[in-house]
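J.: Could you slot chains F and D onto chain L? The hints should help.
Protein chains in written order, with our numbering: chain L, 2 to 160; chain F, 16 to 420; chain D, 12 to 203.
Derived by calculation from the structure, the hints in this document are not laboratory data.
All values derive from a computational prediction rather than experimental measurement.
Keep in mind that a hint or two might mislead.
[Claimed, not checked] Computed list of lysine-lysine pairs in DSS-like fashion (alpha-carbon distance at most 27 Å, straight line):
#: 1; chain 1: D; residue 1: K113; chain 2: F; residue 2: K63
#: 2; chain 1: D; residue 1: K90; chain 2: D; residue 2: K113
#: 3; chain 1: D; residue 1: K113; chain 2: F; residue 2: K393
[As the list claims (entries may be wrong)] So, partial list: chain D residues that the calculated Cβ filter (under 8 Å) puts toward chain L:
#: 4; residue: L156
#: 5; residue: R157
#: 6; residue: G158
A virtual CB, placed ideally from N, CA and C, is assigned to each residue, including glycine.
Residues per chain, in single letters:
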Amino acid sequence: MEVGPGHFLLAKLDDVARWAQSSSVWPLTMGLACCAIEMMSATAPEYDIGRLGSEVFRPSPRQADLMIVSGRVAQKMAPVVKRLFDQMADPKWVISMGACASSGGVFDNYAIVQGVDTIIPVDVYVPGCPPTPDGLLYAVNLIQQQIREGGRGGLLARA
Amino acid sequence: MSMSTTPLTPEIVSHEGNAMVLSMGPQHPSTHGVLQIMLEIEGETILKAEPEIGYLHTGIEKTAENLFWSQAQTVIERMDYLAPSSNAYCYCLAVEQLLGLTDRIPERARQIRVLQAELTRVASHCVWLGTHGIDLGALSAFFYCFDMREKILDLQEATGGARMHPNYLRVGGVQADLPSGFMEQLDALLEMFPGRMRDLRGLLQSNPILQDRLVDVGIMTQEEAQDWSITGPGLRATGIAYDVRRAFPYGGYENYDFDIPTRTEGDSYARFLVRLDEMEQSMRIVRQVRDTLKPGPYAVDDTKVMPPPKETIALSMEALIHHFKIMTEGFRVPPGDVYQAVEGPRGELGYYVVSDGGNRPYRVRTRPPSMYNLQALKGLAPGNLIADLVVIIGSLDPVFGEVDR
Amino acid sequence: MPSTQTPPLTGTAIDPPALRPPIDDAAIERIAPANVHARLAELKREGFTLLLDVGAVDYPQRTPRFDIVYHLLNLRKTKRVRLLCGVTGTAPKLPTATDLWKSADWAEREIYDLFGISFEGHPDLRRIQMPNDWEGHPLRKDYPLRGPARERSPRPAFALKSNVQAGTPPSGRTLEALQQQIAKIRGEDRSK
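Same shape as in the complex, but just chain L (with noise of 0.2 Å):
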């Protein structure tokens, strides 16, 4: 990015998408289990993820970009994920949220999917159980990072 004579401002049209894209990721309220009851605590003011730019959390899929899947995927919730993502608009990330969303955690057991990365794909997991909110607003640091860095969910469609 350069700066001309008589304010112009030269740059990549990637990167000021890309800067635009993860200055303002908006998560879809995928609230399962506790983890949500942490991702709640990562939106009050001890931790504000809206110093991130996810102010708003969109309950609409179509008007997401982020889905943070939080909590334990049970069988009959995990078609309902599936929808979900499905329904959103690309360029969309998923956080996996807390040992049980990674991979079934303390659950290994006949009702919860071992890990949500069996039905839909994953950027960033987070281990814990459940994580700090601490432990969120990092792998939405890292969602950042990956956007900013491009390659999958960058400006041009998934690869």
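T.: Positioned in the frame of chain L, the structure of chains F and D alone reads:
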């Protein structure tokens, strides 16, 4: 306009005359979790509501059957995830009854457990109030409540090591004594609490918008409440002063002075007021525990159940063996069955625990207060608007980890 | 034997409710399936107006195999009662309690879903926790914990995931790295 007599299942989405079947959820900002409600509506008025649960079924009860008694507590704590210590408390009390240890729990351990149970109740009500406020559009309440909840989570982290699911209460007592600095932190919370409650009541209680939305919405009579097996604030808001801490005292609650707030109207506003009053009564108990906390051991003296203190393991062979046995085999609980109930933030949380004499629970059947409270939605929703339905769900305060288990 | 002991079933293997220590949590009765509805109605008339819970337990080595456990509460006298009803067979059945308490609805559906016990007269007996097309009744003791699909699959080993170098256990590399760091601090030449 006809009400369909066939049960509303998720497969039915139809349009019949003026009535429409709509699926609200399972992903929805106002359903307080993964709840799907099949609504038969005419315009905005609900003719029939059929909640569909099971979207968070975790198989906790079956998982607990395959873990040691002390390990099972970790999964059981994840049922009511807003008040984890209350699940742990009920489970520990039940197992101690089977072990015959109830009278041998030291006084300090009982007091610390009461402290944790009341703090977790206030934390749970903070989430309830914050999310209820958000549903109504009162966003500030969310921030005030979660700020208060952070202080309580700091205390949980200090004692148990984790903000949620601290696994601090154990069969036989608590895991370790209160850390140094805990009392100062607790005092800071007790100091901050009355001012914060004043703020919250000022923001919400006499707020005309809140009153418009909550008063006379979701009215439940005493007979209906008993028919739907409602317990907790829902039951007390209809006028029945049933609180497990008074009715079937446990853990030393008879030593503390506290009121059971009740109302008679049975509407959402009454449930709202009852919970606010309950928060204050809980802090009253916390204050009494803090003032009367006795020194002493933090766990029962039985090293077959409670691991011996770490310092003794290097010095005593017996301590080492007991520690080894507990960690690798767990402890055995004599055969029998027991129903233990505590007053959770949502009502009577009960566990029917069956032991076959082994080192794993044979069966842990949960009496989930949220499931029974939520079922009342079938009776309360018809005739109301969808906006009122959101208020009713919030006032019943379900948590789906418990409903679905 | 204290009066809170449950009358034992005859000719049974393990029967925990009969072996229970004298815990005073509820008055306990064992009822035959034919009489359970009448007894529930009678108790409701006597003042046990709140149905606390309906649950089930599976004792596969015992006859009858399943125990349905009703907990009732008398609000006026603050007393509890526990009714144990044994059912057995390949398609066990019991009359529903939904005509006495509306709240028995979901509890009985859950027992049907997770144990396979039907309730005659239930308005809407279908699965509640598991998806509608699920096969099997998960909380039965002969149902595998991890579900029939994964019953024999091995637990995933961390070292098999492709993002960890196979062959070298993580702790080995960490130890090596640590030793090199220490050597560097000490100014020794430990490189190989």
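J.: Give a verdict on every hint.
T.: Quick rundown of the hints versus the structure:
| no. | hint | result |
| --- | --- | --- |
| 1 | D:K113 <-> F:K63 | holds, 16 Å |
| 2 | D:K90 <-> D:K113 | holds, 21 Å |
| 3 | D:K113 <-> F:K393 | holds, 10 Å |
| 4 | L156 | holds, 5 Å |
| 5 | R157 | holds, 6 Å |
| 6 | G158 | holds, 3 Å |
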